[in-house]
Every structure is written in structure tokens, then in C-alpha cells.
Amino acid sequence: MGVPFEAFIPYAIMLGMFGFSGAALSKLRAMQNGGKRARHSVDTWDRQMMDRDRRLTGFLRGQTDNVRAPAGFELSNPWRIERAFI
Amino acid sequence: MAARQPRFNQQVLIDTTPLPDSIPKVPEIGASSAPLLSASYFIGARCKAYGDDYMLCKTESNGKGETECLREGRKVTRCAASVLDDINKSCLEQFRAHWECLDNNNQQLWQCRRWERPLNKCVFDNLKLEKTIPGAPENEIPVHLRKRQIFAHSIATQ
Chain S
596 MGVPFEAFIP YAIMLGMFGF SGAALSKLRA MQNGGKRARH SVDTWDRQMM
646 DRDRRLTGFL RGQTDNVRAP AGFELSNPWR IERAFI
Chain G
3 MAARQPRFNQ QVLIDTTPLP DSIPKVPEIG ASSAPLLSAS YFIGARCKAY
53 GDDYMLCKTE SNGKGETECL REGRKVTRCA ASVLDDINKS CLEQFRAHWE
103 CLDNNNQQLW QCRRWERPLN KCVFDNLKLE KTIPGAPENE IPVHLRKRQI
153 FAHSIATQ
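These protein sequence lines are chains S and G, in that order.
Numbered by the numbering used here, the letters in the first sequence go through residues 596 to 681 in order.
Numbered by the numbering used here, the letters in the second sequence go through residues 3 to 160 in order.
Hint data in this document are derived by calculation from the structure and do not stem from the laboratory.
One thing to keep in mind: the hints can contain errors.
Which residues of chain S face chain G? A partial, calculated answer using Cβ under 7 Å [to be verified]:
(1) Met596
(2) Lys622
(3) Phe668
Coverage of chain S stretches by chain G, computed from C-beta distances (three or more under 8 Å per stretch; other residues unrestricted) [what the hints assert, rightly or not]:
(4) 598-610
(5) 614-621
(6) 642-648
(7) 651-662
Heads up, the beta-carbon is just placed ideally off N, CA and C, and yes, glycines get one too.
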């Protein structure tokens, strides 16, 4: 008695669809993150370090291993301003 | 410093007034988050005294540490820059491989032990700096020397 392979075709289609959407989503995430995997569970420390990376390289996920920062780096940290509510 | 973090900030202000000339100028470190994390234990190994001085000064200054601890901070910056400079000169490929792995893995050190071992070996051979985890219990193997990383995603990167 042969294996009823026609019965497995729907499962193969479902697996293929899930696989395709997963691959497409992960490719989209990689394109958004400069070719790297996305960061998850980002806390305030990580946000602050990613902001520093953006000030150093121009990209949120950019990395560099220079020893000296580019000129003007020490002055580029912004003060956040809000209107005073009295 | 402001009394609390601004919650409704619409604008930012970038103040381009440089520091007065009475303060010695030390260039800031140009390494971003992943290389800095990768080199952090070596910076700790060489600059432990300066780092402890700085933390003590900040703790004792009761909120005024930004202005009073500039001198200790300059020492820390110079020492860390010297460590990064030495690592760049002697172990650049292993260093780059390690921090590129870290960048791909959410800055989690336990996913990248496979690249960390050659880096540790190279830095120990050339710069005589060894990575130790402060506060680790004495009678167990430190996590970075264990064979099996229990939280790593795949066995290929351990």
C-alpha cells in the first residue's frame, strides 16, 4: 500500500505559506536594520547607546571601532526642551 | 541638571559652546556600542583603578558629580582610549569578528562565545589583559569559560 501523498499536499501548501511569510518578514526587518537582525527587549540603556551610535555614525545601527570620536561629537548631545506648564 | 526628565519635549537644543580652556581637552572615545561592549572587560582589566576612583568620586559628590569628577573622568577616558588603541593594533580581525557577531545578536555576550575565545586568547598573548567577571563566585567556572551556554540559540555559535 503506497503512502497517500495527495493528502499531504495541503499541509505542504500551509507550511510553504508560513515559511514564505516568515522569510519575507525577516528580510524586511533586516532591510530596516541595515542588514542585521532586529534588536529586541531594548531598555533605556540600549536606547541611550543606540542614540550615541547615531551621533557617532549617522545610522541607528551603525558601528565603528575608531579610537577617537569625530570632531564636534562632544557637543552634539541634545538638551530636550519642554514648555513649562504653570 | 533639570529636576526631572522632560516628558513632552517637542524641541531639542544643541549647545555648541565648547568647554572653557581651563579644562584640559581629551578626545572622546569613538567606539560605538558593540566594540565597546566587546572591549569592556579588557578596559576594566587595565583601568580598574581609574574606574574605581571615578565611581567613588561620583558616589561621594552627592549629585554634583558631573562638574566635580571631570578629572577622574579624563583619566578613565585616556586609559580606555589606550586599551582600544592597543586592541586595534594587535587583534583587529578577532575584535571585528566578535563585535559584528554581538551586533547581530542583540548585544548578548552568550551568543558569541565562539568568537570571544580567539579574541581573549589574542589579547592575553599580546596585551597581557585577562577577562574576569567581578563578583563571580569563586568555586564555579565563570560563564565565559563554560563549554555549554545554556541560553544560546544555536550550538554553532557557542
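Okay, the hints, checked on the actual structure:
1. A cut of 7 Å between beta carbons decides the hint on Met596 (chain S): the least distance to chain G is about 39 Å, and the hint is violated.
2. Because the closest C-beta pair between Lys622 (chain S) and chain G is about 15 Å apart, greater than 7 Å, the hint is violated.
3. Taking 7 Å as the C-beta contact cut-off toward chain G, the hint placing Phe668 (chain S) at the interface holds, the least distance being around 5 Å.
4. Residues of the stretch 598-610 of chain S lying with their CB closer than 8 Å to a CB of chain G number 0, which falls below the three-residue condition for coverage.
5. Counting residues of the stretch 614-621 of chain S whose beta carbon lies closer than 8 Å to any beta carbon of chain G gives 0, which falls below the threshold of three, so the coverage claim is violated.
6. For the stretch 642-648 of chain S, the assignment as covered by chain G holds, since 4 residues bring a beta-carbon within under 8 Å of that chain's beta-carbons and 3 suffice.
7. Residues of the stretch 651-662 of chain S with a Cβ under 8 Å from some Cβ of chain G number 9, which satisfies the need for three, so the listed coverage holds.
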